[in-house]
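Work out the full structure, taking the sequences as your base and the hints as a guide.
In case you want the letters, here they are:
Protein chains: 2
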Amino acid sequence: MAKGADTRNRILKKTRKLIVKKGFNNTSISDIITATGVKKGNLYYYYASKNELGLAVLKDAEQEFFDLLSASFKGEKPLEKLWNSCAAILKAQQKANFVGGCLFGNTALEMSGGNEEYAEIIREVFRKWTALLADHLRQAVSAGDLAQVHSPESLAKMIVAVIEGGIMMSRVSKRKTDLEDCLQTLRAILAR
Amino acid sequence: MAKGADTRNRILKKTRKLIVKKGFNNTSISDIITATGVKKGNLYYYYASKNELGLAVLKDAEQEFFDLLSASFKGEKPLEKLWNSCAAILKAQQKANFVGGCLFGNTALEMSGGNEEYAEIIREVFRKWTALLADHLRQAVSAGDLAQVHSPESLAKMIVAVIEGGIMMSRVSKRKTDLEDCLQTLRAILAR
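One line per chain: the protein sequences are A and B, in this order.
So the first sequence is numbered by this note's numbering: it starts at 1 and just counts up by one.
So the second sequence is numbered by this note's numbering: it starts at 1 and just counts up by one.
Hints are supplied without guarantee of correctness; some may be wrong.
[As the list claims (entries may be wrong)] Pairs of lysine-lysine, BS3-like flavour, derived with a Cα cap of 25 Å:
#1 B:K174 / A:K174
#2 A:K17 / B:K22
#3 A:K59 / B:K128
#4 A:K21 / B:K22
[To be verified] Here are the computed distance ranges between Cβ atoms for each label pair:
#5 B:K13 / A:F66: 37 to 43 Å
#6 B:R192 / A:N26: 41 to 47 Å
#7 B:G144 / A:K17: 47 to 53 Å
#8 B:D31 / A:K59: 27 to 33 Å
#9 A:E80 / B:R10: 51 to 57 Å
#10 B:K77 / A:N9: 54 to 60 Å
#11 A:A147 / B:S142: 21 to 27 Å
#12 A:K95 / B:K95: 27 to 33 Å
#13 B:R192 / A:A143: 14 to 20 Å
[To be verified] Interface residues of chain A toward chain B, partial, derived using beta-carbon atoms under 7 Å:
#14 L43
#15 L79
#16 Q139
#17 E164
#18 G166
#19 R192
Keep in mind the hints are simulated off the structure, nothing from the lab.
A virtual CB, placed ideally from N, CA and C, is assigned to each residue, including glycine.
Next comes the structure, spelled out in structure tokens:
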């Protein structure tokens with residue numbers, strides 16, 4: 001049991017790295033076999049198809065992302081918690097040297113046009129993330145730390161857009177400063 | 001001469017459609033031949049390789065994008081011009097039913113890690129676009145229509161991020177409202 005879970009986890013993590021680097025379509029089964037060291041028959045024992053493996057990789061990354069978010073909503077005030085969660089994402093991207101960018105954003109662009117199962121997971125990630133941010137924004141307004149906003153949901157959505165767009169720009173420029181500038185500016189504007 | 005320019009233009013536009021839909025890597029030479037109706041030898045007469053054709057497609061799209069931007073910076077006041085340019089992008093995306101998204105954003109994610117020539121064009125698009133927006137923001141501050149911002153360049157970058165991230169979200173949700181909400185919220189916050 002433990003060994004099976006280990007193997008499964010190794011397949012998920014190594015395949016995620018490949019997908020982040022090369023995209024889903026350009027990652028072949030033989031790439032996966034080389035990277036994981038798992039034999040072909042064994043790989044198909046765990047995941048019946050590349051599509052199924054791709055879905056499992058996305059779900060595993062989703063879990064990890066929301067664990068990271070939960071752990072990073074730290075601080076005394078709701079707005080502080082929100083900015084700390086954004087800082088945690090910046091830090092994670094920086095740790096990866098902005099190589100690869102955001103798996104969900106990438107998959108959104110690569111796969112969502114043609115694969116409804118993938119699109120649904122990405123939509124769910126954006127929906128849950130937006131809801132968490134909106135919650136903190138509402139609390140900040142109640143606490144008087146944020147000026148009344150027309151719609152906390154729309155502002156939350158905009159924050160997600162800033163992060164996804166900022167990651168894209170940092171990925172192209174290979175400079176941390178793009179995403180960082182975007183977040184600092186957002187913070188300064190909302191503090192007004 | 002005229003016929004050559006026509007053929008060249010048809011190749012660029014049809015190939016762009018394929019790349020927007022399928023990505024660069026998944027677009028094959030035979031897809032391009034089928035879509036353009038140009039024979040293989042003729043295609044290679046115009047573009048020596050798929051890489052060269054891809055670069056020409058990006059440069060052609062860049063030209064078209066900045067033509068669209070220039071034409072859309074209309075209005076009496078700088079901030080009005082800026083929002084009109086954002087509205088023109090929303091309209092163009094809507095016209096395409098949010099299928100495909102932004103060619104530059106897609107290519108940023110698909111190609112910029114591995115192909116420095118592509119990355120440089122995308123960086124240039126983001127740089128020029130940011131500079132145009134920053135210019136309008138500076139004018140708006142001077143005219144007293146926008147509260148002083150720490151850095152017009154960073155705010156301009158953030159606006160580009162909102163648009164790129166918003167297009168990504170609308171592409172996944174297939175709903176205009178994601179990009180629209182992001183832009184409306186941004187506008188409301190900056191009006192404060």
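Check the structure against each numbered hint from earlier and tell me which ones fail, lowest number first. Of the numbered hints, 1, 3, 12, 14, 15, 16 do not hold.
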